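Trainee: Here the protein sequences come in this chain order: S and P. Quick note on our numbering: the first sequence kicks off at 1 and runs consecutively. Quick note on our numbering: the second sequence kicks off at 1 and runs consecutively.
For the record, the hints were derived by calculation from the structure and aren't laboratory data. None of the values given here were measured: they were computed from a predicted structure. Keep in mind that a hint or two might mislead.
Claimed, not checked - Across the chosen pairs, the derived CB separations fall in these ranges:
no.	chain 1	residue 1	chain 2	residue 2	range
1	P	Gly109	S	Leu71	56 to 66 Å
2	P	Ser97	S	Met33	18 to 28 Å
3	P	Gly73	S	Asn190	34 to 44 Å
4	S	Pro115	P	Ser97	34 to 44 Å
Glycine included, every Cβ here is placed at the ideal spot set by N, Cα and C.
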Amino acid sequence: MLNGVTVPTAIPGTQPEFHFPPYVSSIARSPRMPLVLLPETLSERAGPVFGRGLIRVNDNDLTAQHESQPLGERIFVHGRVLDEGGRPVRGALVEVWQANAAGRYRHKVDGHDAPLDPNFSGAGRMLTDDEGRYWFKTIKPGAYPWNNHDNAWRPAHIHFSLFGAGILSRLVTQMYFPGDPLQPLDPIFNSIPDEGARNRLISSLDMTRAQPHYALAYAFDIVLRGRDDTPFEETRR
Amino acid sequence: MTESGSLVPSSSQTVGPYFRIGLKPLDRRPAEAHETSARTVEIRGKVLDGGGLPVPDAMLEFWGANSSGIYAGAASEPSGCPAGFHRVATDDAGSFSLTTLKPGPVPAGAGTQAPHLVVLVFARGLLRNLVTRVYFSDEPANAADLVLSQVPEDRRRTIIASANSHNSSLFHWSVILQGKDETAFFAW
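This is chain P alone, in the form it adopts within the complex (with noise of 0.2 Å):
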């Protein structure tokens, strides 16, 4: 108990490395979402450690708005999976693929937010997970958004994916979990 009536909550521990078997990829493809304004985009990269190695066993959930900038209810498709929400493994090199559609811009207060997805980061050696965001550098409002404005100067450019110079759908973006180019994450 902290103060009357509030309960603590529960201590996280790792995933470990076996979570494949019970954290099943958890996906709503693009072609289901029936938004005909939205584009698809993928975005690829890596998990690596503070030694660059990468890592096989990480796990990441994104958390996406849909084109307007309005977040998924209660999932009620045949899935079960909310659109908008998406979790992917690394694979043996390390590596990740994620196919969603774009978000829109989100409100906040009077403005919006520059279009982004909430990132969560799950791996052995983890004890809790981490939090973070993936921007896009295809887009002019990453300037003005309050939370990137709170990422110091010289690190935003470790939440922003770039998009690849031939292929304007497909961006790159890496997490890196320590070291000197290492992810901004959020304290939660």
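So here's chain S without its partners, still in its complex pose (with noise of 0.2 Å):
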């Protein structure tokens, strides 16, 4: 009926596995028993798409969303959200939520003895323009410590979340900083196997869109899974 089709898998390496026991979590939450191959159907082809409804005034500068601006280094991060194919995946809703730059998330369950800052939320949202374009304008988090092990500490990171294609293309993940000595010591990091794959979550300085005597600038490409297989040539990169 549907010629065998089944789902494709990920590329070896590329993803981490669902068990990986330095990352202490995940021991007790992962599935052991096989994976099922999925038949590729109408179901998994298709996917949410959003509209512009979701999207509010300042949803894309974490630093205007209070009355002042809040404390720490200000910083602009940018991107393309581009298919398997390299074509840019229009629309795709984009939401990243992130600590202060005490190292402190607006969040009842984090303990860490840091400061919250009244003026900052961490959390924004927004939809790719026609190129897949995405920025918004931040402050830099900070690192913050957490129960894994002795004396952890989670590198500079901030979340990202996104709808591409399908239901199957929805990616979670988290961009890190070039530079920070914490990401070898890591183990969410490290559940990645392949050394490449791992450091394309780490952004780039961008001198290019740094604002002279105001912030720096970070870029960050993303690659969602499927393709669009329009028949016309995109750029590709």
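Reconstruct the complex from the two isolated chains, following the hints.
Mentor: Here it is, written out as structure tokens:
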């Protein structure tokens, strides 16, 4: 009926395994039974397409969501969302969340003894433009301690959530910063076996987009699963 | 690069414990859906780990067709959220509740699939999201469903929500991340 087409699985080494003991929380929460091959049907090819109604003023300016500016180093983050064929993913919903400059999340279970910033919520939301581009303004998040192992610290990161074409193109990931000495020590970052794939989660300093006397900029491109098979040529990178 | 002109999909990382900051509930209430023939159903359950403990920091995303088996196109209504998409988080007891319109049979080749929702599972401790489906116990079409038939017979019940014996619009279904009653998850 469906010619035996199954959903393609990840390229080996480029995605973390569910069970990765150095990340202690994965031990009791990872499935152990074999995953079932999924025939590709309309349900997998379809996916939610979000609209402008979801986006409010200043959703992409995390420094302008309160009365005053948050403390910390102001930065721009920008990039492109592409599919596996290198084509831009247009209108993709991008949601981001992060700790403040002191390494504290505005969340009831974050018990880190670092100050909250009344001028920083740490959440943003945007849709990509026709070239698959997104951008937002924020402050650079701080590193913070966690309970995974003795004296464990997460490297600075911003959480990203994305929807592409089709529900299986869904991706939640984290963006890291270049030159952070905590990355080699972090079990979450190191859960990705392939070094190249791991390093693609590290943003790059982008002086072409830094604004003199105002803010540095970091570039972070994201590739979502699937490809748009429309038969015309798009710019590839 | 895997092949000419091909990019490698970016790697997944866990949503972590603080996802509620950025991943707010997304939901379009059934009342907005203008589907008079549709039937509202509620699915209630828990997310449990390998030790049987509730997972209070899990997020489930559900994606379903309408009662005619059609998936929503681009969201045009003011909410910006397409019909049939729901994002819910578990509470402190690991419980969740979803109210949605029961989907109809979805086309597949020359036939149809039994009514179902695609479910994505996210949590602290999950380095990638899990993919599964939930079916409904009151559907005879489950017996011939092409995706359910891929699941080993003794595990099919793990992705079929059971109708409440007193309330036919209430279904019970839990996500078991690990162990002997582990939910059937799909490779992707």
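Trainee: Next, verify each hint and record whether it holds.
Mentor: Checked hints:
A C-beta distance of roughly 58 Å is found between P:Gly109 and S:Leu71, which places it inside the suggested range of 56 to 66 Å. Between P:Ser97 and S:Met33 the beta carbon distance is about 26 Å. The supplied range of 18 to 28 Å therefore holds. The beta-carbon spacing between P:Gly73 and S:Asn190, approximately 40 Å, falls within the hinted interval of 34 to 44 Å. About 36 Å separates the C-beta atoms of S:Pro115 and P:Ser97, a value consistent with the hinted range of 34 to 44 Å.
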